[in-house]
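With the sequences and hints as input, model every part of the structure.
Top line first, the protein sequences correspond to chains D and F. Following full-length UniProt numbering, the numbering of the first sequence begins with 1 at its first residue and continues without gaps. Following full-length UniProt numbering, the numbering of the second sequence begins with 1 at its first residue and continues without gaps.
These are computed hints drawn from the structure, not numbers from a lab. Among the hints, erroneous ones may be present.
To be verified - Sample of chain F residues with no beta-carbon within 10 angstroms of chain D, all distances over it, derived:
id : residue
1  : A95
2  : R102
3  : A151
4  : H174
5  : L224
Said to hold, decoys possible - If you want the footprint, here are the derived chain D segments under chain F, 3+ residues with CB under 8 angstroms:
id : stretch
6  : 196-205
7  : 216-226
8  : 258-266
Just so you know, even glycine gets a beta-carbon here, dropped at the ideal spot from N, CA and C.
Protein chains: 2
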Amino acid sequence: MTRETSASVAQGADGPLIPVLAVVGVGLIGGSAALALRRAGQVGQVLGVGRNAQSLAQAQALGLIDAVATPEQAAAQADVILLSTPVGGLAAILAQLRPHLRSDTVLTDAGSTKVEVVQAARAALGDRIGQFVPGHPIAGAERSGPSAADAGLYRDRTVILTPVPENAPAATAHVRDLWRACGARVIEMDAESHDRVLGSVSHMPHLLAAAYMAQVANADDAALRLSLAGSGFRDFTRIAAGSPEMWRDIFLSNRDALRTELTAVRGVLDQMERAMADGDGAALEEMLLQAAQARRNWRKE
Amino acid sequence: MTRETSASVAQGADGPLIPVLAVVGVGLIGGSAALALRRAGQVGQVLGVGRNAQSLAQAQALGLIDAVATPEQAAAQADVILLSTPVGGLAAILAQLRPHLRSDTVLTDAGSTKVEVVQAARAALGDRIGQFVPGHPIAGAERSGPSAADAGLYRDRTVILTPVPENAPAATAHVRDLWRACGARVIEMDAESHDRVLGSVSHMPHLLAAAYMAQVANADDAALRLSLAGSGFRDFTRIAAGSPEMWRDIFLSNRDALRTELTAVRGVLDQMERAMADGDGAALEEMLLQAAQARRNWRKE
Chain D
1 MTRETSASVA QGADGPLIPV LAVVGVGLIG GSAALALRRA GQVGQVLGVG RNAQSLAQAQ
61 ALGLIDAVAT PEQAAAQADV ILLSTPVGGL AAILAQLRPH LRSDTVLTDA GSTKVEVVQA
121 ARAALGDRIG QFVPGHPIAG AERSGPSAAD AGLYRDRTVI LTPVPENAPA ATAHVRDLWR
181 ACGARVIEMD AESHDRVLGS VSHMPHLLAA AYMAQVANAD DAALRLSLAG SGFRDFTRIA
241 AGSPEMWRDI FLSNRDALRT ELTAVRGVLD QMERAMADGD GAALEEMLLQ AAQARRNWRK
301 E
Chain F
1 MTRETSASVA QGADGPLIPV LAVVGVGLIG GSAALALRRA GQVGQVLGVG RNAQSLAQAQ
61 ALGLIDAVAT PEQAAAQADV ILLSTPVGGL AAILAQLRPH LRSDTVLTDA GSTKVEVVQA
121 ARAALGDRIG QFVPGHPIAG AERSGPSAAD AGLYRDRTVI LTPVPENAPA ATAHVRDLWR
181 ACGARVIEMD AESHDRVLGS VSHMPHLLAA AYMAQVANAD DAALRLSLAG SGFRDFTRIA
241 AGSPEMWRDI FLSNRDALRT ELTAVRGVLD QMERAMADGD GAALEEMLLQ AAQARRNWRK
301 E
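Right, here's the structure in full:
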């Protein structure tokens, strides 16, 4: 189901990997990629595309991009276009790019969901869908915007590509090389698996943390509760502080996978509640032990 | 509902606050209190009581206790008895202590729930219930056992006392002074409020994190999921690694408050699921915004 590619990036003797890169949405994700590629000497010119002129000016002042471009200019000039806008806005920007797109330009995205992104890309790009290699760098930070960009953001992180059948092997390889040049390891899987897995280990924690946090905040004695919350609460709820707009998009985009997972989580909660109601300490302890062992065996810290 | 006591601890000119302290269950919680009181010069002799001889020997070797004692010896000799055993074992140890208890000994506990503890104490102590001042130091760590004891564990942390009507003011004040000498701030509330509030901000995160972790661990593709889990997952699930035995006791002991809270959390999850099903981005964003704002405004980090 997954396939890891581990060969090192070939450094082109005759120029950078990407002569002209266009980044659509120059915030944490796109800005960090531009910085990392520049530091690796793998990009020539970086064009910045976006709707917020102030944010683009900041990106240019910070050296993330060389120049501001319109979608039309980016489509005509770029060798690679990295779409790092929120998932909800992807269809619109692809439709803007499509009429001006060179046939040898490779597009990729950084969206947190992939099934809906591929559907939107197919609808927007039509027979050019083979130029779009769907991707998802699993990296992020509490901060956002151009000032949060960090050349080291992708170092030793995982990027998942979910190629479509129409992708030429060279197009997929080009995007793989892009992320490897940023220091990431790159794996491939199908879009459905991506959305199920990320729905489980990324989106579901956010859903649960946000629902819980909203419930606490709406309690009559919320102030008292929050005044007595400690370090367990702190870590458990940290992700609930994330961008409401971004997570709204992710939840809507991945709703099918998320609802399947939520049903499964509810099932375990039902079991635990039943064990509590029955005073069945052995059953409760067995479930808690399973959770504790799985967490203790998880070696990524 | 709460009453904070903020005057500083009076340092006795004529000897320590507690000439003889008995600690029942000399692990992280009890051992840290003993160390802190010793460092503050507020304890004379510390007796250690427990079922695990090896653990008691370790506590003595580490200087947490001066001597090992039986429950009978502790009841006859101690001025203060701190019960820092798991909640589930409290009734049995109180019943052991009761026949030998001096009339001027003050008992207190460190249990994570209070309604059931008070019931158990009433049943075990009978007309001596006034000697028992229920307490809960809100502190803890991933580690446990005598070797985890830390004189600074309670510094600037909160201890909640839930006095019963039979407690003489002097008994409550004595326990308050004990915890203040450990560096903690002490507040008072009724046992029902304690269990509702802690059920919400301490027990519920653990319940949700454990149920979620068990669900992920039981998925057919658990290994793939866990290999792609990142920093959000890490923080969200950290508490799920906690002691299954301890949390089993807490969940059973506080099941009434927990089930009320769980019903409320399920209600918010229902709302979010409905918003996803309806494609209602505005409703979803509103709930996420409420959660994000509440978390961002929580100032304890």
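Results for each hint:
For A95/F, the shortest C-beta to C-beta distance to chain D comes to about 20 angstroms, beyond the 10 angstroms cut-off, and the non-interface label holds. Interface exclusion of R102/F from chain D stands, the closest Cβ pair being 34 angstroms apart, more than 10 angstroms. The beta carbon of A151/F sits about 19 angstroms from the closest Cβ of chain D, which is more than 10 angstroms, so the claim that it is off the interface holds. Even its closest Cβ contact with chain D, about 23 angstroms, leaves H174/F beyond 10 angstroms, as expected for a residue assigned away from the interface.
A Cβ of chain D approaches the Cβ of L224/F within 10 angstroms, the least distance being about 6 angstroms, so the stated non-interface status is violated. Interface restraint, the stretch 196-205 of chain D with chain F: holds (8 residues with C-beta to C-beta distance below 8 angstroms; minimum three). Coverage of the stretch 216-226 of chain D by chain F holds. Counting CB-CB distances below 8 angstroms, 9 residues qualify, and the rule asks for three or more. Proximity of the stretch 258-266 of chain D to chain F, defined as three or more residues with a beta carbon under 8 angstroms from a beta carbon of that chain, is established by the 7 residues found.
Checked against the numbered hints given earlier, this structure breaks only hint 5.
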